[in-house]
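Next come the chains, spelled out residue by residue.
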Amino acid sequence: MADSTPMAMVEPAETGGGSSFWQDAWHRLWQNKLAVFGLVVLGVLAALCFAAFLWPKITGFSYEQQNLALGPAPPNRVHWLGTDPLGRDLLARLLYGGGISLMVGLCATAVSLTIGVIYGAIAGFAGGKLDMVLMRIVDILYALPFAIFVILLMVFFGQNIILLFVAIGAVEWLTMARIVRGQVMAVKRQEFVEAAHALGLKEGRIIFRHIVPNLLGPIIVYATLTVPEVILLESFLSFLGLGVQPPHSSWGVLIKEGAEVMEEYPWLLIYPGAVMALTLFSLNFLGDGLRDALDVRGSKD
Amino acid sequence: MINNSTVGQNVYLTILCLALLAGGCGQRETLAAIGDRTQELRLNNEGEPSSLDPAVAIGTIEHYIMLSLYEGLVAPDPKDLSLRPGAAENWEISPDGKVYTFHLRKNGRWSNSEPVTARDFVESYHRMLMPSMASQYSYMLYPVKNAEAFNLGKISDFGQVGFKALDDYTLQVTLHSPAPYLLSMMIHDSWYPVPTAVIKKHGAIDDRTNPWTRPENFVGNGPFVLKEWRMNSHILVERSPTYWDAKNVRLNKIYFDPTESTDTAERMFRSAQIHSDPQAPPSKVAFYRKYKPNLIKVYPLLATYFYKINVTRPPMNDKRVRQALAMAIDRHAITETIMRAGEEPAFFLTPPNTAGYTCQTKVKEDVAAARQLLADAGYPDGKNFPPVEVLFNTLQSHKAIAEAFQAMWKKNLNINVVLHNEEWKVYLDSMRHLDYFMGRAGWNGDYVDPSTFLDMFLTDSGNNETGWSNAEYDRLVRLASNTGDRAVRYDAYQKAEAILLDEMPIIPIYFYTRPRLIRPSVRGWYPNVLDQYDFKSIYLVPEDN
Amino acid sequence: MLRFIARRFLEAIPVLFIIATATFFMMRLAPGGPFDSEKQVSAEVRARMEAHYGLDKPLFQQYLLQMKHLLRGNLGPSFKYPGRTVNEIIADAFPVSLELGCEALAVALAFGLAAGMAAALKQNSAWDHVPMGLAMIGLCVPTFVMGPLLISAFALHLDWFNAAGWFFPRDRVLPALTLGAYYAAYIARLCRGGFLEILNQDYIRTARAKGAGGARVLFKHALRGGILPVVSFLGPAVAGLLTGSFVVETIFGVPGLGRYFVTAAFNRDYFMVMGSVLFYACFVVVLNLAADVVLVWLNPKLRFE
Amino acid sequence: MPLLTVENLSAAFHTRNGVVRAVQDVSFQLERGETLGIVGESGSGKSVTCYAILGLVPQPPGRIEAGRALFGGVDLLACSHRQLNRIRGRRISMIFQDAMTSLNPFLRIGEQLIEPLMIHEKIARSAATDRALVMLDEAGISEAEHRLKMYPHEFSGGMRQRVMIAMALITKPDLLIADEPTTALDVTVQAQILELIRKMQNELGMAVILVSHDLGIVSGFCNRVLVMYAGRVMESARTDDLFYHTKHPYTRGLRNSIPALQMKGAELHTIPGQPPDPHHPLPGCPFAPRCAHAVEYCAREEIVMLEAAPQHGTACLRVQKENLSI
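Chains as they are written, first to last, in the numbering used here: chain A, 1 to 301; chain B, 1 to 545; chain C, 1 to 305; chain D, 1 to 326.
Heads up, a few of these hints could be off.
[Said to hold, decoys possible] Computed footprint of chain B on chain C, listed as stretches where at least three residues anywhere in the stretch have a Cβ under 8 angstroms from a Cβ of chain B:
1. 178–189
2. 193–204
[As the list claims (entries may be wrong)] Not close to chain C: a few residues of chain B, all C-beta gaps over 10 angstroms, as computed:
3. 82
4. 96
5. 119
6. 160
7. 167
8. 210
9. 213
10. 231
11. 242
12. 263
13. 371
14. 465
[Unchecked claim] Cross-link-like lysine-lysine pairs, in silico, DSSO-like; alpha carbons within 30 angstroms at most:
15. 106/B - 79/B
16. 154/B - 201/B
17. 39/C - 79/B
18. 39/C - 319/B
19. 57/C - 33/A
20. 154/B - 80/C
21. 220/C - 321/D
22. 149/D - 301/C
23. 80/C - 200/B
24. 410/B - 362/B
25. 411/B - 57/A
26. 199/D - 172/D
27. 383/B - 57/A
28. 297/B - 200/B
29. 364/B - 39/C
30. 122/D - 220/C
31. 301/C - 227/B
32. 154/B - 79/B
33. 301/C - 202/A
34. 253/B - 319/B
35. 57/C - 200/B
36. 410/B - 57/A
37. 154/B - 39/C
38. 154/B - 220/C
39. 201/B - 80/C
40. 220/C - 297/B
Just so you know, the hints here were simulated from the structure itself, not pulled from any lab data.
None of the values given here were measured: they were computed from a predicted structure.
Even for Gly, the Cβ is constructed at its ideal location relative to N, Cα and C.
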């Protein structure tokens with residue numbers, strides 16, 4: 001630990017809490033142009049989607065308004081992003097569908113992240129028998145047939161948006177738990193953890209105040225990888241009848257349907273795909289920015 | 001089991017090919033072009049066959065392959081589906097229409113060179129009807145005397161069933177009542193002969209899992225014989241030298257490709273890997289018809305797309321509600337803007353001109369009348385109309401149609417319906433248990449006769465699935481199937497279908513078409529409503545250039 | 001270490017047992033049965049088919065019976081493909097998936113690790129932004145879009161490959177690229193993160209001070225620590241890769257195992273579902289074990305415990 | 001010709017929060033076999049100076065803004081990576097403050113120990129291992145053969161530093177840069193490690209740069225001392241001169257803070273105030289705000305190193321202008 005590195009290294013525990021830490025982090029995030037860009041784009045997208053949810057006619061057309069005579073039209077002055085085979089305005093459908101997709105993408109990711117991190121951190125930290133049992137449970141869940149699981153969910157609980165989160169959460173946290181566990185096992189041997197032990201800190205505190213912050217990098221990377229996965233997974237659940245029901249839509253469903261007609265009506269794939277890519281890039285920039293801002297060990301760039 | 005060196009080798013070769021990616025590989029002769037030269041037909045068959053045993057197989061995937069492997073007593077002419085001799089050289093029908101006598105060809109041979117005899121047929125039908133065989137299509141043999149009783153285990157002596165081998169080459173079939181459509185039923189797989197001696201050699205005769213249809217064991221009497229069967233990869237059949245008419249068979253080989261995805265199949269067709277793909281993706285049909293009309297043939301099928309209505313569930317238990325729903329939709333809009341493959345809107349159930357029968361009653365499309373009916377039923381301007389669901393299995397076109405109807409009903413009747421998609425087996429389960437309001441359905445005729453459609457709504461029909469029951473309808477349909485007089489039959493069917501269209505347990509929507517992609521090099525192929533191939537007549541001519 | 005591995009295999013027994021039990025009851029609870037089809041079969045025929053496969057027995061008896069068969073390694077017949085056993089179908093299809101999986105894995109590791117390391121080494125340069133941008137795009141282009149795009153470009157327009165099929169070595173290229181692309185992107189991201197973490201460590205400075213060149217620093221000093229997240233991820237990912245992908249197999253007409261994981265469940269082909277799930281479960285167990293062994297081997301601070 | 005000549009070295013870090021001038025205008029010379037101490041508090045730039053010489057300043061964010069470091073006729077700051085790698089670890093070695101984090105936890109000690117040999121001398125692995133055994137033995141590690149197979153986390157702190165030293169000296173370098181080698185160790189071990197370095201220096205005849213915040217350690221060890229503050233050299237002199245003819249108020253503050261030199265029971269002497277914020281440098285002498293002797297122009301005029309006596313440089317403006325005696 002070089003004394004002369006301009007931003008001196010500080011043990012995470014010492015700055016893990018306290019308002020100044022968060023203020024600093026916020027300040028650092030605000031300095032990061034790309035992260036701000038990501039934040040702004042996400043905010044604008046979310047606001048637009050929310051507005052479309054409140055006022056479905058915000059684009060001049062509602063997501064369900066058909067024009068069979070028009071059919072699939074390429075982007076034009078009336079329909080900025082064109083229309084689908086039923087003559088529905090793609091922009092309206094994109095915005096309206098964005099609500100559910102963003103919610104699923106962000107909430108489900110957050111849920112699976114929380115479960116995965118807690119679960120993986122406990123398993124990795126505890127080691128021994130507990131770790132064994134916890135990780136074997138993960139193995140079991142990995143192997144169970146997902147489609148049947150989803151069908152059973154619907155049979156027993158009916159169709160319900162909450163189930164969407166349950167179904168997605170049930171699979172997405174598994175990999176996160178494994179990654180976190182691997183990292184925790186590596187980090188827990190490091191000296192600062194041993195020092196925390198020596199100080200007599202409670203285990204829970206050691207895990208979540210000392211170890212988890214050290215895993216921010218991989219966790220944030222994984223989280224940004226999970227979002228597109230979840231958004232696309234939703235379209236599979238729609239296939240099984242969970243997920244959104246027509247005439248509602250979601251980005252996953254739009255992309256899936258667009259892919260089927262990508263040679264005939266390319267705009268039906270390009271625009272949903274572009275919006276999703278934009279979201280993903282923004283999330284990624286924001287994620288990188290967050291990691292750097294929260295990374296208490298100093299400069300990364 | 002796993003050949004490691006092959007795997008390793010292939011990994012290596014792939015890396016080589018990746019390197020070649022940069023360099024490019026140049027023009028190659030396409031598989032279709034090679035086939036044109038060597039008379040090897042490559043056909044997408046839309047899926048992996050579950051079995052090639054006529055007593056076990058159930059679908060069109062299996063049927064197309066078996067068409068090449070077996071030959072029934074009669075064979076359909078591909079041009080008009082009229083019947084011509086198959087394994088039987090000729091036949092006689094008794095004046096009362098109950099006894100059919102088939103004279104088999106003396107030169108009929110199995111692919112193991114054994115003669116095809118009348119006893120083979122009798123034993124095949126015996127096997128088909130064995131309760132232990134649990135054959136799903138055994139009912140296709142039910143017109144035959146005591147066939148149903150034997151199949152259901154009510155009698156155990158097959159001697160009482162109306163199949164008799166009078167001598168090696170004469171087969172007598174006795175019916176319990178005249179069935180004028182019997183011969184057209186006989187083109188169905190369930191009427192194929194199977195080599196019972198060979199089957200017994202490989203296991204129990206009634207064992208569904210008997211491996212006799214493996215390429216190394218297979219024996220058939222058709223123009224082709226099974227050579228290779230690689231699951232999900234391909235099935236290869238080759239010209240059978242023992243077939244009685246082998247000299248008139250022009251194709252040397254047929255490759256059946258099991259590609260289920262219509263998009264994949266279309267790409268294979270476009271790159272000339274296959275000669276024909278039976279089902280162009282819906283979104284591409286219009287493009288082919290406009291820009292590549294010589295590569296696509298669109299022709300009607302004996303099949304109807306309709307909605308079933310669960311008449312036991314309010315508000316669908318009110319006939320006026322059902323009529324209102326059926327009258328307030330625009331079928332032309334569906335066929336012309338969503339389906340776009342030349343489908344005909346359906347205003348009745350049985351496809352027009354099915355064996356000369358066309359229903360005279362039609363569902364009217366009349367929004368004002370529909371609104372009035374709905375008001376009469378207690379829902380003026382859609383007020384208080386409870387939320388009803390449209391159930392469909394997950395598929396893009398089902399969804400688009402349901403969405404269009406949803407909008408039409410909202411606009412025309414001011415009612416809200418909810419759309420609900422389910423995975424295939426869940427959907428089947430919901431339909432079977434009447435756990436739905438309205439459900440999407442489709443029906444392919446098994447043979448060319450109105451009965452294959454109208455039998456469906458008999459009270460005790462397993463395929464009714466609407467809870468609808470009408471004594472007069474049942475009486476008329478039964479009457480029709482027990483008479484040999486065509487005029488009486490069709491009159492009864494007209495009356496029955498009129499009842500069906502008044503009671504409206506179903507909403508007919510459109511008649512299917514087949515948008516088949518087919519290369520011009522394929523000759524001797526003809527479109528027909530059952531989409532039957534005649535592999536004997538098909539041949540290939542290399543395309544110019 | 002041998003004891004560790006042996007113990008993990010012992011632990012796998014209850015895991016597989018629980019998976020088999022859960023799968024059995026989940027399948028039976030799901031609506032619809034193997035013999036449902038659009039054209040209904042009569043009740044008698046259905047009853048006889050169920051009797052043929054022993055589905056008419058009480059559920060718990062069926063369960064015991066199937067467990068007995070499973071213990072003997074007998075996965076039972078397939079309902080969908082009468083005349084074939086599940087063992088046979090898996091034995092037929094798995095080598096194909098294994099081969100495609102290995103090729104895709106090679107693609108994924110080659111591209112993913114190279115891009116990830118380059119990005120970490122030259123952080124915030126074009127070497128970082130270009131591969132990472134591509135990786136992000138790779139992540140939001142789902143397989144069912146990537147496959148048709150590649151076919152469109154390389155098979156239909158350039159005519160270098162067949163549009164689908166699994167006959168010639170060249171038929172392997174596009175499926176391997178399609179399947180590998182997503183994993184490559186994922187690995188690139190994880191790898192970059194892992195290496196950034198390591199390259200900031202003091203001991204990398206020590207290595208430089210010793211006069212170690214870039215390659216030596218990267219491969220000798222940073223590699224072991226840097227690929228830790230990738231290894232954690234690879235355990236389950238490789239299990240998925242080697243047992244096939246439904247989407248890729250469907251798009252490219254590959255006769256692999258992946259399709260059965262989806263179609264068997266949709267067909268309610270009970271024994272096929274059980275067989276494929278257990279087969280996959282064995283892979284998950286073995287590969288997660290392998291990943292853990294590699295993690296320990298890479299990181300001497302961990303002891304087999 | 002001196003072994004190492006550093007002239008006008010300036011290094012800066014370009015961070016999100018602005019530019020930090022970590023080292024400004026540092027110059028010094030080092031003869032063969034000589035021992036130079038660099039002293040300063042945290043953030044004074046002493047370590048960055050050493051890293052800059054070996055090309056270890058992470059770039060970006062760091063940047064060498066100016067200066068030369070001539071070593072055997074090669075400018076270490078301007079030469080190619082290839083050239084630099086031929087010198088690093090062979091002719092100049094470095095040991096670091098924290099031996100735990102500076103040893104690769106993923107590699108066996110033996111592997112790391114022989115690495116400089118494998119890189120710089122084309123010798124067989126077995127020969128390299130033999131040399132490593134000798135070296136470990138000399139570094140005072142018993143059961144060397146067994147130790148080679150162990151990993152860093154299985155060693156105690158002092159042992160790790162001995163390994164670092166053995167690793168640094170295995171190629172018999174001309175110059176050893178020791179960056180706070182004893183800071184993380186307890187006092188008895190400190191002395192052993194310093195003794196070890198001195199012993200090896202005598203055996204190999206190499207020059208040593210010892211970086212420390214502890215003037216006491218440096219003064220006991222070095223021929224000459226460089227005192228740094230806020231990235232600048234404040235005073236540079238032979239050890240005796242530095243102690244007995246101190247020519248900078250900061251040096252005096254440091255000297256008075258050495259606990260061993262103070263009377264028992266006396267209050268521990270400290271320098272009041274804090275080092276300046278590196279992001280917002282003030283004009284004039286950086287020490288002025290804390291300096292008891294500061295006058296008005298101290299906070300205004302730029303400082304430069306000037307010789308106030310033969311071989312004795314100082315940056316104190318008042319010493320230079322008024323010959324103030326500290």
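Status of each hint after checking the structure:
1. 178–189: Result for this restraint: violated, n = 0.
2. 193–204: violated (count 0)
3. 82: Its Cβ never comes within 10 angstroms of chain C, the nearest being 25 angstroms, so this holds.
4. 96: For residue 96/B, whose nearest Cβ neighbour in chain C is about 29 angstroms away, the distance exceeds 10 angstroms, so it holds.
5. 119: holds, 25 angstroms
6. 160: holds, 19 angstroms
7. 167: Holds, because the least Cβ-Cβ distance between residue 167/B and chain C comes to about 33 angstroms, which exceeds 10 angstroms.
8. 210: Given that some Cβ of chain C is not farther than 10 angstroms from that of residue 210/B, nearest at about 7 angstroms, it is violated.
9. 213: violated, 6 angstroms
10. 231: violated, 6 angstroms
11. 242: Its Cβ never comes within 10 angstroms of chain C, the nearest being 24 angstroms, so this holds.
12. 263: Residue 263/B is in fact no farther than 10 angstroms from some Cβ atom of chain C, at 7 angstroms.
13. 371: holds, 34 angstroms
14. 465: At about 8 angstroms from chain C, residue 465/B fails to clear the 10 angstroms cut-off, so the statement is violated.
15. 106/B - 79/B: Roughly 27 angstroms separates the two Cα atoms, so the pair holds.
16. 154/B - 201/B: Within the cut-off at roughly 29 angstroms; holds.
17. 39/C - 79/B: holds, 27 angstroms
18. 39/C - 319/B: holds, 26 angstroms
19. 57/C - 33/A: Not OK: residue 57/C and residue 33/A at ~67 angstroms, beyond 30 angstroms, violated.
20. 154/B - 80/C: It holds: about 29 angstroms lies between the C-alpha atoms, which stays within 30 angstroms.
21. 220/C - 321/D: violated, 56 angstroms
22. 149/D - 301/C: Roughly 14 angstroms separates the two Cα atoms, so the pair holds.
23. 80/C - 200/B: Distance ~23 angstroms between residue 80/C and residue 200/B Cα, so the pair holds.
24. 410/B - 362/B: holds, 24 angstroms
25. 411/B - 57/A: holds, 17 angstroms
26. 199/D - 172/D: Cα-Cα ~13 angstroms, so holds.
27. 383/B - 57/A: The given pair, whose Cα atoms are some 25 angstroms apart, holds under the 30 angstroms limit.
28. 297/B - 200/B: violated, 43 angstroms
29. 364/B - 39/C: holds, 29 angstroms
30. 122/D - 220/C: Status holds; Cα separation ~18 angstroms.
31. 301/C - 227/B: violated, 59 angstroms
32. 154/B - 79/B: Distance ~41 angstroms between residue 154/B and residue 79/B Cα, so the pair is violated.
33. 301/C - 202/A: holds, 23 angstroms
34. 253/B - 319/B: violated, 55 angstroms
35. 57/C - 200/B: Holds - the C-alpha atoms of residue 200/B and residue 57/C are around 28 angstroms apart, at most 30 angstroms.
36. 410/B - 57/A: holds, 18 angstroms
37. 154/B - 39/C: holds, 24 angstroms
38. 154/B - 220/C: violated, 80 angstroms
39. 201/B - 80/C: Judged against 30 angstroms, a Cα distance of about 24 angstroms means the pair holds.
40. 220/C - 297/B: violated, 64 angstroms
Figure legend: structure checked against the earlier numbered hints; hints not met, in rising order: 1, 2, 8, 9, 10, 12, 14, 19, 21, 28, 31, 32, 34, 38, 40.
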